[in-house]
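Please model the complete structure; the sequences and the hints are all you need to start from.
There are 4 protein chains.
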Amino acid sequence: MSTPRPIILLDPYPRTIASLFNAQDKARLEKLGQVIWHDGSPASDAHIEQYLPDTIALLGQTSMPRERLERAPNLRLIANVESNFLPNVDYAECHRRGIHVISTGPVFAQSVAEMALGYALAAARRIPQADAAIRRGDETMYGAADNYDSFLLHGKTLGLLGCGNLGRALLPLLRPFSRDLIVHDPWLHDSVLREMQVEPVSFDALFARSKVLFVLTATTTENQGFIGAAQFAAMQPGAVFVLASRAGVVNFDAMLDAAARGHIRVATDVFPIEPIPADQRARQTPNTVLGAHRAGNVPEIWTQMGEMVTDDLELILRGLPPQRCQRATLETVSRIRSMPAQAATESKSGPAIK
Amino acid sequence: MSTPRPIILLDPYPRTIASLFNAQDKARLEKLGQVIWHDGSPASDAHIEQYLPDTIALLGQTSMPRERLERAPNLRLIANVESNFLPNVDYAECHRRGIHVISTGPVFAQSVAEMALGYALAAARRIPQADAAIRRGDETMYGAADNYDSFLLHGKTLGLLGCGNLGRALLPLLRPFSRDLIVHDPWLHDSVLREMQVEPVSFDALFARSKVLFVLTATTTENQGFIGAAQFAAMQPGAVFVLASRAGVVNFDAMLDAAARGHIRVATDVFPIEPIPADQRARQTPNTVLGAHRAGNVPEIWTQMGEMVTDDLELILRGLPPQRCQRATLETVSRIRSMPAQAATESKSGPAIK
Amino acid sequence: MSTPRPIILLDPYPRTIASLFNAQDKARLEKLGQVIWHDGSPASDAHIEQYLPDTIALLGQTSMPRERLERAPNLRLIANVESNFLPNVDYAECHRRGIHVISTGPVFAQSVAEMALGYALAAARRIPQADAAIRRGDETMYGAADNYDSFLLHGKTLGLLGCGNLGRALLPLLRPFSRDLIVHDPWLHDSVLREMQVEPVSFDALFARSKVLFVLTATTTENQGFIGAAQFAAMQPGAVFVLASRAGVVNFDAMLDAAARGHIRVATDVFPIEPIPADQRARQTPNTVLGAHRAGNVPEIWTQMGEMVTDDLELILRGLPPQRCQRATLETVSRIRSMPAQAATESKSGPAIK
Amino acid sequence: MSTPRPIILLDPYPRTIASLFNAQDKARLEKLGQVIWHDGSPASDAHIEQYLPDTIALLGQTSMPRERLERAPNLRLIANVESNFLPNVDYAECHRRGIHVISTGPVFAQSVAEMALGYALAAARRIPQADAAIRRGDETMYGAADNYDSFLLHGKTLGLLGCGNLGRALLPLLRPFSRDLIVHDPWLHDSVLREMQVEPVSFDALFARSKVLFVLTATTTENQGFIGAAQFAAMQPGAVFVLASRAGVVNFDAMLDAAARGHIRVATDVFPIEPIPADQRARQTPNTVLGAHRAGNVPEIWTQMGEMVTDDLELILRGLPPQRCQRATLETVSRIRSMPAQAATESKSGPAIK
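Protein sequences appear in the order of chains U, D, W and Y. The first sequence stops at residue 354 when you use our numbering, and every number in between is there. The second sequence stops at residue 354 when you use our numbering, and every number in between is there. The third sequence stops at residue 354 when you use our numbering, and every number in between is there. The fourth sequence stops at residue 354 when you use our numbering, and every number in between is there.
Some clues are possibly wrong.
Heads up, the list lumps identical chains together, so a pair's fine if it works in one copy or across two of them.
[What the hints assert, rightly or not] Only pairs whose alpha carbons sit at most 20 Å apart, straight line, appear in this in silico EDC-like list of lysine to aspartate or glutamate: (1) K156 with E307; (2) K156 with E199; (3) K26 with E300; (4) K31 with D190; (5) K26 with D190; (6) K156 with D204; (7) K26 with D11; (8) K31 with D11; (9) K156 with E300.
Derived from the structure by calculation, the hints contain no laboratory data. Just so we're clear, the structure is a prediction, and the values are computed from it rather than from any experiment.
Structure below.
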């Protein structure tokens with residue numbers, strides 16, 4: 001049985017409709033089709049199946065294997081509102097069918113970029129330590145003594161590991177500090193990086209040269225734990241290491257060792273196990289700035305996700321390609337390491353390539 | 001008794017020659033005249049007087065009243081290396097005699113600007129509080145709850161009170177975040193601010209409109225304590241107030257009251273009495289980020305002072321005006337409130353005008 | 001019969017291998033496969049067919065209908081080096097097969113953008129007219145009289161019709177002149193334009209508000225001749241109209257009428273018939289700056305095409321998507337109006353969307 | 001006889017009050033004092049003398065030798081509205097008396113900078129020649145042939161001789177084209193140039209390295225004719241030489257020789273004798289773009305002069321230093337070569353230093 005209007009199917013769990021859509025975007029969405037609002041739990045198979053034949057757009061993380069795609073002949077858009085592309089969609093079949101698969105991942109890039117800069121300044125100037133010292137009543141007055149190891153970002157070599165959405169949001173914030181911006185990203189051609197007015201460098205050079213090194217790459221099948229003791233040892237004494245994307249890419253203990261012995265300073269927003277176990281040693285490690293996975297998820301951007309998805313659906317129904325969300329790239333979507341289930345709520349970064 | 005070469009007289013106390021001059025700049029200075037190196041204590045009157053007749057440049061905070069200027073007929077430069085112009089120089093007489101009076105104040109601008117942005121991000125995102133929570137073991141995981149009052153700088157109205165050296169260093173760092181930059185500076189013409197691509201606003205509008213408000217003005221004879229309870233009440237709930245220059249311009253208790261009741265968040269680098277008394281209530285005030293006068297005095301910039309002074313002396317001896325240091329402006333030098341003696345070591349900001 | 005190595009097939013006519021590839025890029029290309037070099041004429045069907053089974057990449061404008069694609073099971077890249085996507089490729093079938101179809105069109109964007117700004121300044125300041133006057137010996141001295149209708153770009157409203165490759169290259173050049181940048185592009189969502197820090201406006205507002213209006217859009221099936229007498233009449237007296245992409249989008253006579261009566265000034269790089277007929281009335285129309293399709297085709301960028309194609313083939317063979325060339329967008333590739341055969345040599349602009 | 005209000009004395013000839021002041025600025029000026037409006041001819045000595053005792057501000061080019069300054073005890077401002085500081089003022093005595101001497105020279109900087117870029121693009125792309133060819137009916141179609149010697153500014157080495165008001169206005173316009181900006185300015189310290197993010201280079205290196213060289217320096221007692229055959233020979237073949245400030249700094253014949261033999265391309269806005277004699281050979285020299293002193297004097301900026309002077313007088317009467325106009329610098333004001341009388345109407349550039 002067919003409905004009179006094309007259907008827009010919502011299955012945003014664990015996000016909620018109220019957090020994603022303001023009144024204006026809800027109204028825009030309803031102009032585009034018959035919206036089947038649902039949230040609070042993952043939609044049941046029966047719920048999904050009944051609407052598939054007339055569905056033109058699916059907003060959520062619903063499983064969409066090949067057989068389901070075959071039962072959705074009018075489908076033109078799958079919009080993941082959790083940021084990372086999950087392995088429960090047959091991306092190759094979507095591609096063949098001309099179904100756009102997009103994610104709202106880029107929406108977190110500005111938030112993470114601002115936090116990454118905040119962490120870098122906090123570490124370079126020891127802002128949390130100085131605050132804690134005054135509260136304890138044992139501050140040292142006047143920079144001469146207290147600032148002995150503080151440094152400016154001005155004119156320093158600032159390095160990025162990964163230059164996808166996060167890097168592209170961070171670079172503009174860094175440019176007023178320094179023109180000496182170096183990047184390693186194996187998924188981008190050197191010439192592309194040069195066009196972005198950064199210097200492409202090798203993995204080793206990135207660690208050796210950066211005064212502040214920002215790790216912005218997603219965990220992939222290729223880079224798990226690939227930053228270890230050798231990399232931290234290669235960093236300059238007093239350099240700052242900002243881990244802003246995923247804990248999976250570093251050997252966390254090696255990182256904390258380097259901070260503990262005062263070789264580098266570390267700021268990290270992520271941890272190998274989250275929520276953070278009580279015995280995570282970082283809690284006692286000096287020369288660190290710690291945050292509990294707070295970089296991406298700032299309230300004001302939740303409704304931007306709804307806005308972006310609605311914008312892109314408007315474009316698709318006008319016969320144009322999506323322009324605001326990130327499009328699944330066949331070549332790389334399979335390399336992004338699937339999130340464990342509990343991590344699905346914490347997604348913040350798009351993959352390390354555009 | 002006259003020396004065969006023009007004399008360059010050093011009296012940098014409380015700064016030291018070793019902190020101000022690297023080997024290269026010492027060598028450059030010695031090419032420009034006979035350098036009388038002295039530090040460790042203020043030079044004695046006798047020491048100064050014996051060299052006055054042949055002195056072409058005086059680097060330090062030596063008292064130079066009119067009668068001394070008369071005994072220094074070859075003097076062409078007085079370079080304060082403490083940043084603030086002290087009241088122990090007859091500026092009007094220097095002007096009449098064509099003696100350049102300069103200060104190295106601008107050297108601190110980049111350092112303070114970076115710290116001001118660091119404080120703003122730390123307060124907007126609660127970076128020190130989140131770090132302390134993890135160390136205490138009571139962090140909240142995942143932004144949804146913990147970030148309830150976090151906000152992005154992106155697109156927000158960012159306000160500056162004062163747009164002298166500090167403001168000019170901060171504005172480039174803020175531009176990638178927002179184009180909505182508003183400034184109140186009674187010492188600058190509105191048209192000058194508009195040329196700087198900021199919007200000149202009234203004192204009241206600055207408080208009403210700013211999501212983050214940076215106080216960058218020196219204390220003058222006109223502005224002591226001029227930011228009080230009325231101003232804080234006029235700020236938006238949840239706005240951030242960054243006090244980066246001088247405590248003298250605010251009613252400190254009113255500021256802490258506003259933070260304590262959660263109306264605004266405050267980051268302050270300065271305190272009414274420094275060193276900070278043990279009973280300063282800010283130590284227990286929530287919604288604050290505290291620093292003990294650390295914004296300006298970062299080691300890497302000390303030798304920049306020596307470099308700047310040497311550059312300007314080179315220019316003057318080539319028949320050109322100084323270009324790197326701040327020049328004393330007759331109109332405003334007398335309005336900058338003199339520092340109490342103990343504060344002379346903590347100077348960091350130039351006056352609020354160029 | 002199969003070759004031992006994957007084949008890279010060249011068919012770049014009317015471009016030549018010598019103009020496209022420098023020695024370094026030729027060497028890079030030969031590392032990627034067995035290159036079948038051919039130019040000077042379109043490759044014959046027999047030539048193409050013999051290599052199809054082992055071809056991984058085709059660089060040129062060869063016809064590739066569905067049946068040929070079926071005979072090229074290893075094909076992964078079709079790279080048009082003429083800039084515009086021609087109708088002789090089955091784009092939908094390429095998409096289904098995961099064959100990347102790209103064009104070197106973006107390479108011309110910087111060249112056209114610089115020329116467009118040159119035309120705008122030439123028209124706003126009457127540079128060619130003033131030069132001609134001196135050569136004739138009847139110049140007016142000193143701006144007062146001669147500059148009566150000259151204007152600065154500084155602070156003016158600058159408008160773009162179309163914001164694809166050309167617009168994105170032009171915007172950075174315009175930003176130092178003015179922050180009042182307005183754009184109409186029906187293929188881009190308003191929110192995308194706002195993210196680019198330009199103001200999206202309606203077609204009518206673009207003409208009414210622009211002091212300088214840059215036409216940067218390709219001719220599509222939808223926009224032929226859509227700029228006519230009404231639009232020119234709606235422009236401000238003394239405004240400048242720069243036609244930098246395609247003559248097909250304007251009513252050329254209406255444009256020249258508006259210039260002839262002094263209502264606007266026009267700079268055009270393109271003409272309805274090219275080469276320009278001897279009796280083209282623009283040759284005698286005052287208030288115009290004329291160029292014979294010169295904006296894009298500057299020698300130094302020819303080898304950039306070879307470099308970009310080689311870069312993208314390197315990426316594809318590393319399992320990554322192309323990043324430097326423009327990718328054919330199914331939604332829009334069919335709307336770009338096919339070039340007549342003789343125009344194939346003059347292509348310079350990519351389509352008006354990204 | 002004294003007037004009841006402080007007097008503002010106008011003597012703007014050869015400029016006119018109508019061209020300098022719009023209604024709003026006239027009204028602002030009248031709020032500041034009793035304005036003695038006069039123009040059309042230089043004010044007579046008698047006219048000037050009668051008002052001197054009560055005059056606080058003099059707007060114009062009136063002679064102000066020491067004895068007159070003594071008769072003007074209340075004078076606080078002399079504002080030259082012709083741009084160049086003339087030798088008819090005793091600048092040292094003004095300095096001693098704390099009288100601000102300013103000029104509206106900077107107002108022309110944006111206009112000259114835009115024109116300089118226009119000339120550079122016109123020369124690099126042969127815009128006037130291509131326009132003339134179409135009008136003659138002998139254009140070459142399509143870039144391949146016609147663009148054989150065209151080049152992009154993108155990524156090229158762009159050089160400035162002089163980095164005063166003009167250079168500071170031009171640099172922002174050049175930055176989107178290239179980061180390789182080199183400057184020679186003997187009046188600025190290398191460290192100042194580096195702070196401006198340009199590379200300071202020697203006079204010889206400037207000529208050897210620049211693909212486009214902008215001459216922006218005023219004629220001084222030190223630099224007359226200092227650019228000659230040796231400098232032009234040292235330029236790269238096909239480089240562009242833009243003469244945007246003063247003809248006096250070049251050997252004009254050597255410049256035209258270099259253009260005539262095709263070694264370089266030249267764009268010049270100025271000529272050794274102006275108005276340009278009929279037999280000036282530049283009229284027939286190929287590889288040149290010619291303008292008859294048109295770069296500075298665009299109508300919309302005339303009233304900016306009145307606005308700037310009024311702004312600065314407002315500031316002075318509020319006890320602040322002038323901020324918008326250029327202040328006479330004792331060290332350099334005497335080096336700027338006096339203009340011959342007939343040139344007084346053509347002033348456009350401030351001196352080469354700030």
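At most 20 Å between CA atoms: does that hold for K156 and E199 within a copy, between copies, both, or neither? both (14 Å within a copy, 18 Å between copies)
One pair to classify: K26 and E300, alpha carbons no more than 20 Å apart. Within, between, both, or neither? For K26 and E300, the Cα distance is within 20 Å only inside one copy (17 Å; across copies 48 Å).
Between the shortest in-copy and the shortest cross-copy C-alpha distance, which are at most 20 Å for K26 and D190: within, between, both, or neither? Between copies only: 18 Å across, 42 Å inside.
Are the CA atoms of K156 and D204 at most 20 Å apart within a copy, between copies, both, or neither? Only inside one copy: K156 and D204 sit 18 Å apart there, 31 Å across copies, limit 20 Å.
How would you label the pair K26, D11 (within, between, both, or neither) given a Cα cut-off of 20 Å? Within one copy only: 15 Å inside a chain, 51 Å across chains, cut-off 20 Å.
Between K156 and E307, at a C-alpha cutoff of 20 Å, which is it: within one copy, between copies, both, or neither? between (38 Å within a copy, 19 Å between copies)
What label fits K156 with E300 when the C-alpha limit is 20 Å: within, between, both, or neither? Result: close only across copies, 12 Å inter versus 32 Å intra.
For K31 vs D11, is the C-alpha pair at or below 20 Å within one copy, between two copies, both, or neither? within (19 Å within a copy, 48 Å between copies)
When no copy is specified for K31 and D190, does a C-alpha distance of 20 Å or less occur within a copy, between copies, both, or neither? between (44 Å within a copy, 17 Å between copies)
Against the hints set out earlier in the document, no violation occurs for any number.
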